[in-house]
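Colleague: Protein chains in written order, with the numbering used here: chain X, 1 to 388; chain S, 1001 to 1163.
Hints are supplied without guarantee of correctness; some may be wrong.
What the hints assert, rightly or not - To be clear about the criterion: a stretch of chain X counts as covered by chain S if any three or more of its residues have a C-beta under 8 Å from a C-beta of chain S, and this derived list gives those stretches:
1) 35–47
2) 92–104
3) 144–156
4) 205–217
5) 268–275
Stated by the list, open to error - Among the chain X residues that face chain S by a calculated CB cut under 10 Å, a handful are:
6) G52
7) L128
8) E297
These are computed hints drawn from the structure, not numbers from a lab.
For glycine and all other residues, C-beta sits at the position ideal for the given N, C-alpha and C.
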Amino acid sequence: MTAPSTEKFIVPIGPQHPALKEPAHFEFTVDSEMVTASSARFGYVHRGIEKGAENRNWIQALYLVERICGICSNAHSTAYALGVEKLAGVQAPPRALAIRQIFIELERIHSHMLWAGVAAHEAGFDTLFMYSWRDRETVMDLLEAISGNRVNYSMNVLGGVKYDITPALSDAVLRGIDLLGKRLEYYLDVATTEETFVQRTRGVAPMTAAQAESLGTTGPTARASDVQRDVRVDSPYLLYDQFPVTLVTETAGDLQARFTVRIKELFESLRVIRALLEHLPPGELTARMPRRVREGEVVSRVEAPRGELFYFIKSAGGENPYRVRVRTPSLCNFSSVLVGVIGHRVADIPMILAGIDPCFSCNDRSVIFRRAGEDDASAKGGSLPSAL
Amino acid sequence: MTNTESLLAQAVDLIGDRATVQHTLEPNRFDLAVEPAKLLECIALLTSAHWGYLAAISGLDHGPDSGRLEMLYFFCNKAAVITLRVPLARETPRIPSICGLIPSATLFEREQMEMFGVVFEDTPNSDHLFLPDDWPAATYPLRKDFLTPAPPPAPEDSKGSLP
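Turn these sequences into a full structure, and let the hints steer you where they fit.
Modeller: Here you go:
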């Protein structure tokens, strides 16, 4: 018998489509089927948005940050708009705040349902994937009916919102979310009782509350491990102080808990949307916003579908932001994947990756520009980005 | 005293005279100016008391004329936010890595390293995180003297009729 080899075997995963249809590169060191170490490399769709915001005026930057993510675009524009309004000393009217809150919760429903489908697909349960994506069209239609768009909604302006929720739209939203509530109950039932799905999720990649804290996780990933943290509850923005959501947590910390915590927090979203629609404050949609924003710094935090979205915005008193720092939830949650996979089988990697609902576009924000024939030193500017 | 105010007071007490407190325009937020040599001590005090969590690390370049660059460490605890502001020399920015105390900070440090050219002493991994491997050396995109190139002209063959 030969002596065991000391050489490492590394399984590269990505950059093409490691879990979701988005790029990232992972290297997993394995001992037969068991993962023993891991590392990550991002940036394949980095677009330099933080730098780009410095070269645009306050209003243009709103449209730029909205394009950080195609799933939670409204969370980005809301966090940015709230921060800039605070800097400028402008208070958006109550009706605008209520509409923003309805909209950001509708976006959470669409994001979580999208994820539920992806997670079901990774588990090999394509029927649930197709059900959830079919039903997700209900909320996509509502988002489109209100804003005219399915992805980058352009709902926010600095100082308020662009579109009203009329009584007819309000009725449509109520009908839509009634249907979604029934469907979500069905998913919850299926995901906790369907034997094959349970086998792929229960007890897989568990994280204790202490681990979730020390790995710096956020959002549903943390709450599935009983971390009592939600920006909507801890530091209410918009009208979350008058129309609060209840903190939803799970204790198991495994993939199953990450699934159920997301479905259960959608019931809270549905409840708060109904309450807001019943008590929609009358009044204006926008407040007047100055072109220049006074000097100062502000921190704006919003609970995006994937967790805490953190904006630090500095104004030097001009027409452009001086610095916009965006810390997206996916970056925080990736460390839990890199540690979580260790000791698990290669076959579990896709599910563990999908379990945090990774969003590479929110993680990556440059693209390298290069003209044919240019050397590296001058490769900073140039022709069409190859990634497009 | 509201809950947020008492949390802020608690953080200021913990850090004591190791930092200078500055009030901000937001009532739920304090800035604490910390010298690089005292950073680890301050963070150890916060983490051992379980005061909140590290929400983000952000560089802030004040431009080549000022010669100043800051590294900001944001800690959140419920609605309270404190920012440890560490001033660095822009020409030779060096700061101790906090990964020994908060291991998950490695991704933040890798990002700030490549974007601002700050050296994090003893950081476990100094590979690029977002920028390509062949990104030119000593070019830091989030510094103020890095100028964003003008958008490229449309290629010749894309003008006119569609194929």
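Colleague: All the hints need checking, so say for each whether the structure fits it.
Modeller: Hints, verified against the model:
Coverage of the region 35–47 of chain X by chain S holds. Counting CB-CB distances below 8 Å, 5 residues qualify, and the rule asks for three or more. Check result for the region 92–104 of chain X against chain S: violated, 0 residues qualifying (beta carbon to beta carbon below 8 Å, three or more required). A stretch counts as covered by a chain when three or more of its residues have a beta carbon under 8 Å from one of that chain; for the region 144–156 of chain X and chain S the count is 0, and the coverage is violated. With 4 residues bearing a CB less than 8 Å from a CB of chain S, the region 205–217 of chain X meets the requirement of three and the coverage assertion stands.
With 0 residues having a Cβ less than 8 Å from any Cβ of chain S, the region 268–275 of chain X misses the three-residue criterion, and the hint is violated. Hint status for X:G52: holds, given a least beta-carbon distance of 7 Å to chain S, under 10 Å. For X:L128, the interface hint is violated, since its Cβ never comes within 10 Å of a Cβ in chain S; the closest pair sits about 32 Å apart. The interface hint given for X:E297 is met, as the beta carbon of that residue sits about 7 Å from the closest beta carbon of chain S, less than 10 Å.
The structure fails to meet hints 2, 3, 5 and 7 from the earlier list, while all remaining hints are met.
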